[in-house]
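Following the hints, position chain E against chain L.
Number of protein chains: 2
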Amino acid sequence: MSPGADTLLAGVREKDPRAIGRAISIVEDGGPLAASILAALEHPCCEAALVIGVTGPGGAGKSTLTQALIAHYRTEGRRIGVVAVDPSSTLSGGALLGDRIRMMRHALDEDVVIRSMATRGRAGGICAAAGAAVRVMAYSGCEIVLLETVGVGQAELAVVHLADLTALVLAPGLGDDVQAMKAGLIELVDAIVVNKGDQPAAQALLAEMQAVAAATHRAVFCTSASDGTGVAQLAAGLGELADTLRQSDRIALRRQAARSIEVMDWALELLRPELKAAVAALGPLSGEPQALARLAIARLKATEE
Amino acid sequence: MSPGADTLLAGVREKDPRAIGRAISIVEDGGPLAASILAALEHPCCEAALVIGVTGPGGAGKSTLTQALIAHYRTEGRRIGVVAVDPSSTLSGGALLGDRIRMMRHALDEDVVIRSMATRGRAGGICAAAGAAVRVMAYSGCEIVLLETVGVGQAELAVVHLADLTALVLAPGLGDDVQAMKAGLIELVDAIVVNKGDQPAAQALLAEMQAVAAATHRAVFCTSASDGTGVAQLAAGLGELADTLRQSDRIALRRQAARSIEVMDWALELLRPELKAAVAALGPLSGEPQALARLAIARLKATEE
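Residue numbers (the working numbering), protein chains in the order written: chain L, 1 to 305; chain E, 1 to 305.
Same shape as in the complex, but just chain L (with noise of 0.2 Å):
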């Protein structure tokens, strides 16, 4: 191991928040230091890490929920990460879901660790680069990680996959967008939390969401994040749920399910500079993509590894 991974990953096991955001840069960048530092999460403290997702649509509360959350287990004295997947922001700044849980409060606590990562500007790599942070936050001691995205896109709801079990966020009067996508969102989590359950219209929410999961074998609770109302419950109900999966062996399936996931990530970002040379180098692109695709693949075939 290079010296320089070395004093990062001591930094990191010490909680240092500068080698913790240092590393996990590293990582995303695939910086020199990134396979050392990679080899090193290969560790069976970052097993111990119970990797939450929360996912919804925009305007359901995911953020004030998460921040509730992390309240809530900071009451516990456990170490929180959270790793915000988020295609509004780009990749110089301005993150939307990181930055608002950081500014909400916990900005001091240095046993929350919170790391932002846009999938806008960014052509793939975010289940790679997701799945990293999360060890490195676990390798500096989290118990929990937090991986929370807006449920919308295609690359941000690969993201919950990498989790070992995920919570959907839905709040009264998402209009038909949501709607829509519901059903298809259900489909991917464990659990369904309608939050903002003081609006008027939150019980019919519940009570249809009861049905649903009836249905479909979900969990379902009840928030009202920026008061705190049902919290404790979500978070023991999320632990009961992850003590059944782990009984079940199904923490264990998904995580292998998440491994490939991630090397399928990582072999796709690897091979997406070298197939760019392989299509540039066809020169000015005239005639049918796939046939010019499979040449640049051809060349790319022929390039020494």
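No wet-lab data here; the hints were simulated from the structure.
Any given hint could be a false lead.
Cut-off 30 Å, straight-line C-alpha distance, at most; resulting in silico cross-link-like pairs (DSS-like, lysine-lysine) [what the hints assert, rightly or not]: (1) Lys276/L with Lys301/E; (2) Lys301/L with Lys276/E; (3) Lys301/E with Lys301/L; (4) Lys301/L with Lys276/L; (5) Lys276/E with Lys276/L; (6) Lys301/E with Lys276/E.
Same frame as chain L, but now just chain E:
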């Protein structure tokens, strides 16, 4: 060319809706006739169609506006295509954008060709599929193809780059999420449409967008798609914008860039199954994901073309 493709392409030229639908499906699924169909689409008529991107957050009224634009273009006697890229739908059906447009009107008008493309449940390839669908529609005589996406996810936004020019649809009252997303979306587009212009808060949004537009050289339009207000002005404005872009060769440049995006997307799609097989051949995945990915790539390159 195989006789099957020949017959199908003749059907597409004759504007037979079933032939058009089948041709798009074959290309989207990569069926055996795909290569012949794609080759035939390298035809001057496909170059003549103007591809207008329509993007924006959920709730802005994109479907209603698309529907109003269709109605306007139909009064001018133009044949219109719509490719609706939709993260909320699944591959098996239930596409939201396309169905909404289809159900509103035009269901019996054979000069309106509508196709929904799901991104959910799909690992990639949406740019490849959308590009091919646009050309099938152009080949069938569509003068204008509207490429409608929900501007939220990484994969969905990539599709925007396939259009000759793009309009961002916003509406008042879409909440904080959209507020944070706005600047990033404006970067990607040529025109901003403030829809739901009859709502009281629309004037403030319009004033804000006019200020943004003055600073960033975007065109701004105000519509109320539900009653058609401003739609003719929008269509005229987009036409003028297309002329300006054409005169400065920018549409030609964008098409080169779009072709390169499509080729990359096809290449990744073609590589994906090979890569998946290479990952599976590694056996149970234990160890560091990036290192495993490198092994899979080496295995991929060693396979015969």
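task: Take the C-alpha atoms of lysine 301/L and lysine 276/L, compute the straight-line distance between them, and say whether it is at most 30 Å.
output: holds (13 Å)
message: Would the hint linking lysine 276/E and lysine 276/L be met if the CA-CA limit is 30 Å?
response: This hinted pair holds, its Cα atoms lying about 20 Å apart.
- prompt: Straight-line Cα separation of lysine 301/L and lysine 276/E no greater than 30 Å?
  reply: holds (16 Å)
message: So if I understand the rule, the pair passes when the alpha-carbon distance is 30 Å or less; does lysine 301/E with lysine 276/E pass?
response: Distance of about 13 Å is within 30 Å: holds.
query: Are lysine 301/E and lysine 301/L close enough, with their CA atoms no more than 30 Å apart?
result: holds (5 Å)
Satisfaction of hint between lysine 301/E and lysine 276/L, Cα-Cα up to 30 Å: The given pair, whose Cα atoms are some 16 Å apart, holds under the 30 Å limit.
Taken one by one, the earlier hints all hold for this structure without exception.
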